[in-house]
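Engineer: Single-letter residue listing:
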Amino acid sequence: MNAAHIQLDRQGRLLHFLTVEGLSRRHLIEILDTAESLHGVAERRVKKLPTLHGKTVVNLFFEVSTRTRTTFELAAKRLSADVLTLNIATSSAVKGESLLDTLRNIEAMQCDMFVVRHQQSGAAEFIARHVKPHIAVLNAGDGRHAHPTQALLDVFTIRRHKPDFPSLQVAIVGDILHSRVARSLIHALNILGVADLRVVAPRTLLPARVETLGVRVCHELNQGLRDADVVVMLRLQRERMEGALLPSEQEFFQRYGLTEERLASAKSDAIVMHPGPINRGVEIDSRVADGPRSVILEQVTNGIAVRMAIMSITLGNHARPVGEGS
Amino acid sequence: MNAAHIQLDRQGRLLHFLTVEGLSRRHLIEILDTAESLHGVAERRVKKLPTLHGKTVVNLFFEVSTRTRTTFELAAKRLSADVLTLNIATSSAVKGESLLDTLRNIEAMQCDMFVVRHQQSGAAEFIARHVKPHIAVLNAGDGRHAHPTQALLDVFTIRRHKPDFPSLQVAIVGDILHSRVARSLIHALNILGVADLRVVAPRTLLPARVETLGVRVCHELNQGLRDADVVVMLRLQRERMEGALLPSEQEFFQRYGLTEERLASAKSDAIVMHPGPINRGVEIDSRVADGPRSVILEQVTNGIAVRMAIMSITLGNHARPVGEGS
Amino acid sequence: MNAAHIQLDRQGRLLHFLTVEGLSRRHLIEILDTAESLHGVAERRVKKLPTLHGKTVVNLFFEVSTRTRTTFELAAKRLSADVLTLNIATSSAVKGESLLDTLRNIEAMQCDMFVVRHQQSGAAEFIARHVKPHIAVLNAGDGRHAHPTQALLDVFTIRRHKPDFPSLQVAIVGDILHSRVARSLIHALNILGVADLRVVAPRTLLPARVETLGVRVCHELNQGLRDADVVVMLRLQRERMEGALLPSEQEFFQRYGLTEERLASAKSDAIVMHPGPINRGVEIDSRVADGPRSVILEQVTNGIAVRMAIMSITLGNHARPVGEGS
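Chains as they are written, first to last, in the numbering used here: chain W, 1 to 326; chain C, 1 to 326; chain G, 1 to 326.
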């Protein structure tokens with residue numbers, strides 16, 4: 001039994017959201033459709049729904065990430081939940097206490113959802129395996145493994161512009177090796193039946209046997225962008241690099257940085273995406289990032305709706321009769 | 001006039017909650033009964049009551065404690081209060097400003113309750129003495145002196161399993177000297193008429209003249225546990241130890257660590273408690289901590305209900321006509 | 001176009017609150033009257049209004065200030081807004097990301113108001129110039145430039161005691177040079193037509209050509225206080241001083257510290273103000289700070305009502321049909 005299975009109940013409904021692997025097209029479409037209906041909430045005068053009123057959502061951040069924490073916090077508050085943020089790295093709760101003891105204590109406070117960010121792959125799954133059955137666990141990024149809510153917001157953003165996945169050509173460009181975003185997105189796009197999915201990167205920034213994930217590999221940018229409908233640029237994870245995997249940022253930009261000239265290889269109505277924060281002049285030129293084809297800020301906006309959707313769905317599935325602990 | 005008196009109004013009702021000393025059985029029973037009625041709230045779909053809607057609760061933490069802060073924050077939010085957390089140790093508010101000036105400023109913001117955690121004994125009492133009459137002060141731990149909400153949640157947990165206090169034999173084991181938990185709990189159990197209350201510790205971890213608190217002293221664990229209904233293990237406060245009060249943690253465990261074998265001296269239905277966080281293999285063996293007699297995690301759950309009860313009672317008593325400042 | 005203009009819409013209504021400069025008497029009176037009506041809210045049992053329910057207020061603090069952040073947070077919560085606090089100085093959001101990119105991201109999260117504190121003059125104006133039209137920006141202090149909500153709460157406090165501005169004599173005493181409070185307050189009092197406005201300070205703590213702001217300059221305290229109705233003491237901004245602008249704090253106190261003896265020069269019903277936190281024995285003697293003429297703590301209380309008023313007015317003006325971004 002792995003993360004793919006532990007996140008589903010016997011009827012195949014989402015109880016946790018740990019990884020895109022093992023989900024069916026039906027799961028993704030349910031999230032996208034729910035997010036679509038929640039998307040309008042943010043444009044109302046009153047940006048709140050009572051869905052999670054009286055529920056407690058705990059941000060369990062073992063790795064600091066203001067941006068991700070903020071979007072989950074806003075999503076939970078717009079669903080009327082109470083939100084508790086615990087930066088475990090800096091918390092005294094952890095002094096002489098194991099992760100499991102910390103978990104046991106927080107769940108004993110009758111919380112309903114854990115949003116977990118951890119530098120180790122598999123951390124969210126580990127937590128989902130050990131929490132009481134009434135708690136939903138969302139993976140907000142674990143090591144190099146997965147960042148599934150980011151993948152879903154990317155897919156949601158694509159669908160709003162290019163709704164016919166089977167006809168799409170998608171290029172993911174940059175540091176695939178260190179990117180949990182890339183890994184999750186590749187799974188999601190394959191599940192949705194994208195026709196042509198390519199990764200574009202130097203050999204040193206590709207995982208071993210990346211083709212087995214269901215992608216074509218290009219080492220040259222112009223070729224990789226050819227006729228693309230969607231271009232996903234990745235952040236150069238400088239802080240995750242060990243040793244000299246690439247010569248210099250300038251050289252990287254010269255070979256793999258997205259400029260307007262290079263974007264001309266893609267389709268004329270191609271959209272450009274980036275999970276943020278962007279390194280201007282490293283993986284993307286400012287004229288592209290701020291240009292008319294960029295949907296980078298839409299991704300941020302969509303991230304709230306998608307996280308609201310995932311929170312509603314997983315907690316909703318928990319609300320059906322399951323043995324609730326006392 | 002001391003803390004015992006300042007926390008009561010002329011009719012003997014609780015205005016603050018600073019210490020268990022000087023409270024009557026009636027006060028404790030009121031808290032326990034109120035907590036019992038609030039205990040069910042956490043099992044409802046909507047875990048919120050409107051009791052403190054529109055009230056502002058300020059966590060004034062001069063000593064960092066994620067665990068305690070979290071339980072007070074959850075208790076306040078489940079009563080619909082607004083919660084403000086000020087970590088005074090790290091706050092710029094304190095630069096060149098005395099504690100009293102900081103207090104005066106926060107009370108001028110029309111807050112209703114201060115939850116105070118301080119490394120100095122008497123800090124919460126000092127604050128209660130100086131705040132405006134409309135503010136309730138709760139002691140969330142002051143130095144070695146008291147941790148009265150912990151004592152009440154312990155007593156609440158005991159009553160849920162063993163409701164007849166006068167018939168009980170209770171053993172408190174470990175570092176009594178540095179434990180504000182022990183001090184508060186001893187007072188509470190004596191007020192409730194516990195028949196046989198023992199402390200079990202080496203001489204170096206006992207306060208001078210501890211017998212005057214109304215306990216029997218044992219230096220040997222098996223003897224101390226004999227026929228106990230309730231065993232309360234204390235955390236070895238390594239961070240509070242000055243100098244070599246005990247030889248080593250291993251040796252401590254050998255003499256005072258609670259194992260299943262030793263627990264056999266207690267009654268067969270004895271419950272095992274610990275205020276947390278536990279030091280596994282130092283004061284308690286994992287098989288006991290995670291075993292069927294352990295109610296350690298119930299204590300955490302009960303802590304929310306007991307703190308909700310104390311908040312409701314003290315603020316409720318403030319709401320009766322008292323001269324409110326403008 | 002400067003900050004004075006960018007904060008108004010074409011009908012001259014407040015969209016942002018960046019500076020007192022360029023505002024009309026009508027703007028100030030609208031804020032003061034609204035604050036007066038909100039002042040009573042804090043004395044009710046339920047200290048909340050639904051005005052900003054469903055709105056998201058973001059505290060964007062580039063400079064740490066617990067006191068100011070707390071008052072804005074309370075003001076927003078008492079108007080039922082959701083509040084998000086981002087300490088940008090310490091936030092990972094800023095790693096390799098420009099201020100504008102950080103801004104774009106936060107506004108993409110569909111927030112409604114930014115409360116900005118920054119060590120650089122003009123920062124709030126810069127942000128107001130670049131945010132989407134549906135967002136209101138409030139200046140919570142920018143460098144030496146302005147602290148307009150403090151000025152308004154000062155004026156509000158004066159009006160509650162001395163409602164006839166044109167008849168007033170007001171003395172502002174101390175470190176005018178480094179004080180954004182002084183600068184904003186001078187503008188506000190001039191707009192309200194105060195008859196006689198003096199600044200009292202040594203030459204080294206006065207800005208060049210301070211008279212052009214519409215004040216009389218006194219270098220001697222007794223003379224500066226003569227017949228004053230209102231005495232505003234400033235905090236000696238030790239942390240902002242570069243080099244030796246004054247000999248020592250003791251000497252400063254001897255020449256410019258406010259004592260009861262010196263206060264005798266002012267009118268017998270004069271009020272004493274200070275923006276806090278006070279340096280006792282440096283710019284003000286404790287007997288004055290805690291004495292019957294001091295309204296220093298009233299200022300803190302009034303600060304909540306004034307900030308609630310400014311939040312309500314600016315967001316209210318945004319709610320009228322303006323092109324809202326999607």
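A few of these clues could be false.
In silico PhoX-like pairs for lysine-lysine, Cα to Cα no more than 20 Å straight-line [said to hold, decoys possible]: (1) Lys267/W x Lys162/W; (2) Lys48/W x Lys77/G; (3) Lys162/G x Lys132/G; (4) Lys77/C x Lys77/W; (5) Lys132/G x Lys77/C; (6) Lys48/W x Lys162/C; (7) Lys48/G x Lys48/W.
These are calculated hints, taken from the structure and not from any lab test.
In this text the structure is predicted, and so the values were computed from the model without any measurement.
Engineer: Within 20 Å, alpha carbon to alpha carbon, are Lys48/W and Lys162/C?
Structural biologist: Given that 20 Å is the threshold and the Cα spacing comes to 45 Å, the pair is violated.
Engineer: Does the alpha-carbon distance linking Lys162/G and Lys132/G stay inside the 20 Å limit?
Structural biologist: Violated, because 40 Å separates the two Cα atoms, which is more than 20 Å.
Engineer: Can you confirm whether the C-alpha distance between Lys132/G and Lys77/C stays at or below 20 Å?
Structural biologist: violated (33 Å)
Engineer: Is it true that the CA of Lys48/W sits at most 20 Å from the CA of Lys77/G?
Structural biologist: holds (15 Å)
Engineer: Would you mind confirming whether the straight-line C-alpha gap from Lys267/W to Lys162/W stays at or under 20 Å?
Structural biologist: Cα-Cα ~12 Å, so holds.
Engineer: Below or equal to 20 Å on CA atoms is what counts here, so check Lys48/G against Lys48/W.
Structural biologist: This hinted pair holds, its Cα atoms lying about 17 Å apart.
Engineer: Would the pair Lys77/C and Lys77/W pass a check requiring their Cα atoms to be no farther apart than 20 Å?
Structural biologist: Judged against 20 Å, a Cα distance of about 13 Å means the pair holds.
Violation of the numbered hints given earlier is confined to hints 3, 5, 6; the remaining hints are satisfied by the structure.
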